[in-house]
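Read in order, the letters of the sequence shown are residues 2 to 195 in this note's numbering.
Hints are not guaranteed to be accurate.
As a list, the in silico DSS-like pairs of lysine-lysine whose alpha-carbon atoms are at most 27 Å apart [stated by the list, open to error]: (1) Lys166 / Lys112; (2) Lys43 / Lys94; (3) Lys94 / Lys111.
Derived by calculation from the structure, the hints in this document are not laboratory data.
Quick caveat: nothing in here was measured; it's all calculated off a predicted structure.
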Amino acid sequence: MIEYIEGELVQRTPTFGVIETSGIGYIFQTTLNTFESLNGKKRVKIFIHTSIREDAHVLFGFSHELERAMFRSLISVSGIGPASAVAALSSYKPAELQTAILHGDVASLKKIKGIGAKSAERIIVDLKDKMGGGDANFDIFGAQSNTLRSEALRALRNLGFDQRKAQTVVDKVLESNDESISIENLIKQSLKSL
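With the hints as constraints, model all of the structure from the sequences given.
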């Protein structure tokens, strides 16, 4: 499995990108959120999800681990394939999807191309518990940012901030920064938004 590819972004469209590393160009399908975050960047790190089917090997690329984690959660739901997950993450940021799922917001999920009422309800039923429903120890997102996110959430809770609001703000800060953000900067930037 490929965790990520770091290299030069040689092509970028709203639906796919090409990253070159060591003389090899890798094409990956992507979301509008990743497309927008790659604007103006030449050297990038793309987090990869590999889909192996009978007829194709497809790479899905994301500029943040958080987005890839939400993609993987969505495709774990019966009836939700990669195309629907990409559509969902092109319509909403991961933190917005998480909020919609935790609040049981079927109407928001139904706005996503390819997701009807039954699929939206299935997403909520299958993922709400995985997302903790407000559980202080909840962490759906990635390995490295997991500890960073948990520490920031714990600090914000200790300062008296609401868990759900803190989760949304911390996730937005993590999405808008690279993976090397320090815990201090993560908390400072989150406090500015709370």
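Going through the hints against the structure:
1. Lys166 / Lys112: Holds, at roughly 23 Å.
2. Lys43 / Lys94: holds (23 Å)
3. Lys94 / Lys111: With a Cα-Cα distance of about 15 Å, the restraint between lysine 94 and lysine 111 holds, given a limit of 27 Å.
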